[in-house]
Every structure is written in C-alpha cells, then in structure tokens.
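Start counting the sequence shown at 1; every next residue gets the next number (my numbering).
Worth flagging that the hints you see were computed from the coordinates, not collected in a lab.
There may be inaccurate statements among the hints.
As the list claims (entries may be wrong) - No farther apart than 20 Å at their CA atoms in a straight line, the calculated lysine to any residue pairs in the SDA-like style are these:
#1 K542 / H521
#2 K179 / K294
#3 K133 / K157
#4 K458 / D482
#5 K83 / P68
#6 K179 / K157
#7 K157 / G37
#8 K542 / A390
#9 K343 / G437
#10 K452 / E345
#11 K66 / K157
Claimed, not checked - Label-pair ranges, simulated between beta-carbon atoms:
#12 E279 / E329: 20 to 28 Å
#13 E329 / G306: 57 to 65 Å
#14 N407 / A35: 57 to 65 Å
Model, not experiment: these values are computed from the prediction.
Where is the CB? At the ideal position from N, CA and C, for every residue including glycine.
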Amino acid sequence: TGLLSVVEFSSMVFPVPEVMRGAAGAGHVAGAPDADGVFRRMSPVCRFDDVEIPSLGLAGWLTGRKPPVVIQASPRRLQVGDKTIPLDESGNAILRFKGQGGLLEAVSIAAVVQSELRLREGGQPVLKPEIFKDCYVLMGSSAPALLDLHPVPVNGKCPGVVLHATFVDNLLTDSFMAKATVPAVSVGILVTAIASALSLTYGGRWWQAWFLSAAWVGVPVLVGFATYARGYWWPMVAHETAVGLGLVGALAANYWTEGRQKAFIKQAFRHYLSGDLIEKILRDPKHLQLGGEKRELTIMFTDLAGFSTFSERLGPVDLTALLNDYLSEMTDIIMEEGGTLDKYEGDAIIAFWNAPLEQSDHAIRACRAALRCQRRLAELRGQYLQRTGAELRMRVGLNTGEVVVGNMGSRTRFNYTILGDAANLASRLEGANKAFGTELMVSESAWNLVSKQFCGRKLADLRVVGRKSVVAVYELTGFAGDVAPTDWPVFGEGLARFRQGDFAGAMQIFQQLPDDPVAQHYARRCVELCAEPPASWDGAWKMTGK
Numbered sequence: 001t002g003l004l005s006v007v008e009f010s011s012m013v014f015p016v017p018e019v020m021r022g023a024a025g026a027g028h029v030a031g032a033p034d035a036d037g038v039f040r041r042m043s044p045v046c047r048f049d050d051v052e053i054p055s056l057g058l059a060g061w062l063t064g065r066k067p068p069v070v071i072q073a074s075p076r077r078l079q080v081g082d083k084t085i086p087l088d089e090s091g092n093a094i095l096r097f098k099g100q101g102g103l104l105e106a107v108s109i110a111a112v113v114q115s116e117l118r119l120r121e122g123g124q125p126v127l128k129p130e131i132f133k134d135c136y137v138l139m140g141s142s143a144p145a146l147l148d149l150h151p152v153p154v155n156g157k158c159p160g161v162v163l164h165a166t167f168v169d170n171l172l173t174d175s176f177m178a179k180a181t182v183p184a185v186s187v188g189i190l191v192t193a194i195a196s197a198l199s200l201t202y203g204g205r206w207w208q209a210w211f212l213s214a215a216w217v218g219v220p221v222l223v224g225f226a227t228y229a230r231g232y233w234w235p236m237v238a239h240e241t242a243v244g245l246g247l248v249g250a251l252a253a254n255y256w257t258e259g260r261q262k263a264f265i266k267q268a269f270r271h272y273l274s275g276d277l278i279e280k281i282l283r284d285p286k287h288l289q290l291g292g293e294k295r296e297l298t299i300m301f302t303d304l305a306g307f308s309t310f311s312e313r314l315g316p317v318d319l320t321a322l323l324n325d326y327l328s329e330m331t332d333i334i335m336e337e338g339g340t341l342d343k344y345e346g347d348a349i350i351a352f353w354n355a356p357l358e359q360s361d362h363a364i365r366a367c368r369a370a371l372r373c374q375r376r377l378a379e380l381r382g383q384y385l386q387r388t389g390a391e392l393r394m395r396v397g398l399n400t401g402e403v404v405v406g407n408m409g410s411r412t413r414f415n416y417t418i419l420g421d422a423a424n425l426a427s428r429l430e431g432a433n434k435a436f437g438t439e440l441m442v443s444e445s446a447w448n449l450v451s452k453q454f455c456g457r458k459l460a461d462l463r464v465v466g467r468k469s470v471v472a473v474y475e476l477t478g479f480a481g482d483v484a485p486t487d488w489p490v491f492g493e494g495l496a497r498f499r500q501g502d503f504a505g506a507m508q509i510f511q512q513l514p515d516d517p518v519a520q521h522y523a524r525r526c527v528e529l530c531a532e533p534p535a536s537w538d539g540a541w542k543m544t545g546k
C-alpha cells in the first residue's frame with residue numbers, strides 16, 4: 001500500500017460477482033491512448049479508493065507466487081520482486097511490442113472448446129494441450145462489434161488483450177521501454193543544435209540542403225532504431241526541436257554576421273561609391289573583392305589649373321566652401337557613372353572604374369564622366385569667377401591598364417586604393433595637358449576601347465617622365481556624333497610632319513591654325529627644335545616635367 005507513481009481512478013467497473021468469486025485475483029484493464037490515439041503505455045498499478053490494483057497482466061504474474069512479492073515504487077520505476085518496470089512521468093510503463101506485426105501467438109477460443117470436446121469423446125484435439133504448458137494465457141475478444149480493437153504502433157489495430165499479453169511478455173523478459181533520461185536528452189539536444197547551427201552557418205548551399213534532409217528525416221530514423229534496440233524511448237520531438245533551434249540560431253548568426261558585413265561594406269565604401277552601387281554590392285556581395293588583386297581599371301586624375309594662384313586670394317573659409325562645392329559637383333558625376341572615389345588631394349580628384357565591382361564598359365564610363373565633369377564646370381564657371389576672380393579650368397588624365405587594387409594601409413586604418421604604373425601614367429597625362437593646352441587627355445589603351453563612342457584626335461606620341469616607352473595620347477572632345485572641328489585634318493598633316501622631323505614644315509602648317517591651342521603649342525615647340533635640332537629623333541614629344 002501507499003505506492004508512488006501510480007495512476008488514480010475515481011470510478012471502476014468490477015466483473016460480475018460470479019466471476020469474482022471464482023477468481024484467484026483481479027486486475028484492472030484500464031488504458032488510455034497517447035495524443036495521436038495510439039496505445040503504447042499501460043499502468044502497472046492503479047489506485048482506486050486508496051487501494052492499489054495491479055493490471056491484468058501483473059495480477060496474473062503475481063498470483064500464486066510464494067513468498068508474496070514485495071512491490072516498491074519510486075517516481076520513475078516500479079520494483080516488483082526482482083523485476084524492474086521503468087515508468088514515465090505519469091506512472092505508465094511503455095510497452096515493447098514483439099512478434100509478427102507486434103502480436104504474440106494467438107489461438108481461437110473456439111478451437112480450445114472444440115479440442116476439449118474431442119478429448120472428452122476420445123478423439124484428436126484441434127489444439128495440442130502441450131502448447132499451453134507453463135504459459136500465461138490471457139483471453140479477450142477480437143470481434144470488431146465488441147469495440148475492443150485498439151491501434152498500436154506496429155500492427156494497425158489489435159484486440160485489447162494483446163496490450164496485456166505484451167505487458168506480461170515485457171515483464172518476463174525485462175524488455176520494457178525506458179524513457180531516455182533528461183541529461184541524455186539535454187546533451188542530445190545541445191549537440192544536435194550546435195551541429196545544426198554550425199552546419200547551416202558555415203556550410204555551402206548543397207551541404208545545407210543535404211544536412212537539413214538528413215537532420216529532419218534520416219537522423220530521426222537512425223536514432224529511433226538505435227535507441228529502440230537498446231530499450232530506450234527517445235523523444236523525436238526533442239531532436240526536431242534541436243534542429244529547429246540550430247536553424248534559428250544559424251539564421252540569427254547569419255543575420256547578425258550579414259548585418260555586420262553590410263555595415264562594414266557601407267562604412268568602408270560610403271565615401272568611395274554611390275548609394276546605388278553600394279546597394280548593388282549588398283545584394284550580390286560575392287562579386288566584391290576587398291583584398292589586393294590585379295585588375296584592369298580605367299583611372300582618372302583631375303586637377304584645377306592655376307589653383308595655387310587664386311587660392312592665395314581667398315580666405316580659408318571661402319576657399320574651403322569653394323572646394324567643397326566644386327568637389328561635390330564633380331564627385332556626384334563620377335559616382336553617377338559608377339566610379340570609385342580613391343581620394344582627394346587638395347583640389348585633385350583620383351577615381352577609377354571596374355573595382356570593386358566588375359564593369360565591362362569601365363573605359364566608356366570614365367570618359368563619359370570626364371566629359372560630363374568638364375561640361376558641368378563650364379556651367380559653373382561664371383559663378384566661380386565671381387567668387388574667385390578667376391576662370392576655373394580642370395585638367396583630366398585618363399588611362400586604362402592593370403594595377404593592384406584593394407584595401408591598403410595599417411591594421412587600424414586603410415583605404416581602398418590603387419597602385420601601379422598605369423595609375424602613375426594617368427597622373428602624368430593629367431599634367432601633360434599643360435604642354436598641349438588641352439583639358440582632357442586619354443591614353444591609347446583607353447582610346448582603343450572608346451573610339452566608337454566618343455570624338456577626339458591624336459595629340460602626340462608622348463614620352464613622360466619616369467617611362468622609357470612611348471605612349472600615344474589623344475584629346476577627348478565630345479561624344480560620337482558631335483561635329484569635329486573642320487581644321488583637324490590640317491592639324492593631322494602638321495602632326496605627321498612633326499613626327500617625321502620636318503619641324504619647319506610642321507611649324508608653317510600649325511601657324512595656319514591660330515584658334516587651335518594645341519597647334520600653337522606645337523608651333524612654339526617647332527621653333528625650339530629648329531633652333532636646337534635633336535641629335536636623334538623618334539617622333540616622340542618628350543616631357544621634361546610632371
């Protein structure tokens with residue numbers, strides 16, 4: 001009496017008195033399905049009116065045992081003599097179903113009666129009596145009309161007596177199912193959740209798809225078979241919950257990491273790129289290369305002509321306001337054309353195209369930006385003239401070539417910038433504009449990529465400071481379709497004679513073009529060369545300064 005971990009009932013229906021009087025004992029046949037309607041458990045002992053009543057199977061096993069079996073109960077197990085029955089938190093034993101489809105051997109009660117009658121008449125029985133020797137025999141109905149068929153995990157529906165027979169079998173063979181302990185389940189949840197989170201956070205897409213399929217389907221099946229074979233009832237919902245927790249954790253980690261990456265990208269590039277370009281990077285960051293790499297870029301260097309002269313006439317406040325306005329106007333255009341701002345150096349702007357995102361039309365974008373900047377400055381020139389007393393003119397050098405691009409600097413402070421000879425040449429071309437009276441000079445490598453989209457002319461074969469090789473340079477004057485000056489053919493003839501070393505003939509042709517600044521610079525150069533002819537001549541204009 002006074003057992004723990006038993007199911008209590010407030011009412012009970014007893015057998016008819018005639019059966020009770022002839023029975024050696026009695027047991028309850030109460031049972032309740034799980035939430036899904038399937039019968040998996042049985043109460044070994046129930047309590048009614050402060051009396052503990054064993055189940056039908058346990059009562060049969062206890063009957064006639066001498067000395068009487070002592071029953072002791074604890075919150076998670078029932079000790080019946082030398083037998084231990086694991087219990088769940090409700091005091092129920094979890095049954096392990098066996099046999100064909102989960103059924104034990106069954107015979108028809110009609111065959112038993114028929115065999116008894118034949119034996120009395122001296123005939124052969126339908127069933128041999130020996131099959132019942134030393135066996136526990138339970139009787140029950142199997143007719144559907146008697147409403148005693150119950151769904152079980154392994155065989156659809158079976159008679160209720162099978163539940164009690166299974167209980168007896170489990171008791172005799174010590175094969176009840178035991179619920180996995182809380183620590184074991186907790187460790188399983190933790191390991192599964194961590195594995196899920198790591199796999200879904202760091203794995204590729206194919207790995208993630210494979211892992212989810214295995215975690216949601218394959219692993220539960222394997223775990224179920226492994227634990228069932230060892231007599232443990234493993235809550236599959238715990239595994240699924242762990243995978244779900246891992247998925248939530250991975251999503252949270254990815255969201256946090258992605259948020260940090262996006263914040264880093266925005267912080268790193270907000271001063272270099274337009275907002276639209278940054279959003280494009282954020283939508284497809286796999287094309288973003290932040291480390292150093294070699295790549296063909298089109299590089300732009302700009303500078304204001306005579307800046308040091310008029311800056312001396314302005315106070316620091318006015319000069320700062322002017323520069324901020326000018327640089328904002330030019331930078332807006334550069335970014336609208338998809339350019340990356342490298343840096344400002346006083347009034348100078350350094351920008352490039354084709355990094356960090358690839359742009360197949362990078363040279364076209366750069367040339368279009370340069371022309372737009374020149375035209376915007378022309379619109380603002382009158383306003384700036386009133387503020388500075390000088391006409392602001394901008395010189396631009398463009399070159400296409402391979403450079404190293406990436407984040408460069410110290411461990412704590414760096415810039416996304418470029419290094420290489422191609423960048424140096426763009427700077428030299430910007431300065432070379434002074435020698436020719438031009439405002440927009442491009443290298444041959446850039447011109448070959450844009451000649452069908454823009455209007456321009458060849459200026460010279462140029463040898464700049466710091467380079468031994470000669471580079472052909474062009475003046476960019478407008479877009480394709482713009483009307484070229486009618487005197488350009490004459491200029492071309494003069495340029496051809498200049499390259500041949502006919503400086504006197506070239507000078508006469510250039511002097512025919514008084515309105516062409518480039519021709520006038522060539523004319524003066526021819527005068528110098530006629531006065532001091534070079535010892536050797538390769539047709540190149542040699543720059544002596546940056």
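Against the structure, the hints come out as follows:
1. The suggested pairing of K542 with H521 holds, with an alpha-carbon distance near 14 Å, which does not exceed 20 Å.
2. Between K179 and K294 the CA atoms are separated by roughly 62 Å; this puts the pair beyond 20 Å, and the hint is violated.
3. Distance restraint check for K133 and K157: the Cα-Cα separation of roughly 28 Å exceeds the 20 Å cut-off, and the hinted pair is therefore not satisfied.
4. As the CA atoms of K458 and D482 are separated by approximately 16 Å, the hinted pair is consistent with the 20 Å bound.
5. Straight-line distance between C-alpha atoms of K83 and P68 comes to about 14 Å, which keeps the hinted pair within the 20 Å bound.
6. A threshold of 20 Å between alpha carbons decides the hint, and for K179 with K157 the separation of about 24 Å lies outside it, so the pair is violated.
7. Taking the CA atoms of K157 and G37, the gap is near 11 Å; set against the 20 Å cutoff, the hint holds.
8. Simply put, K542 and A390 have alpha-carbon atoms about 31 Å apart, too far for the 20 Å limit, and the pair is violated.
9. Under the criterion of a C-alpha separation no larger than 20 Å, the hint pairing K343 with G437 is inconsistent with the structure, at around 26 Å.
10. Taking the CA atoms of K452 and E345, the gap is about 33 Å. The hint is violated against a cut of 20 Å.
11. Note on K66 and K157: the hinted pairing is violated, with a Cα-Cα distance of about 37 Å set against a maximum of 20 Å.
12. Distance hint check for E279 and E329: the Cβ-Cβ separation is about 23 Å, which falls inside the suggested range of 20 to 28 Å.
13. Remark: the range hint 57 to 65 Å for E329 to G306 is contradicted by a beta-carbon distance near 18 Å.
14. At roughly 58 Å, the beta carbons of N407 and A35 sit within the given window of 57 to 65 Å.
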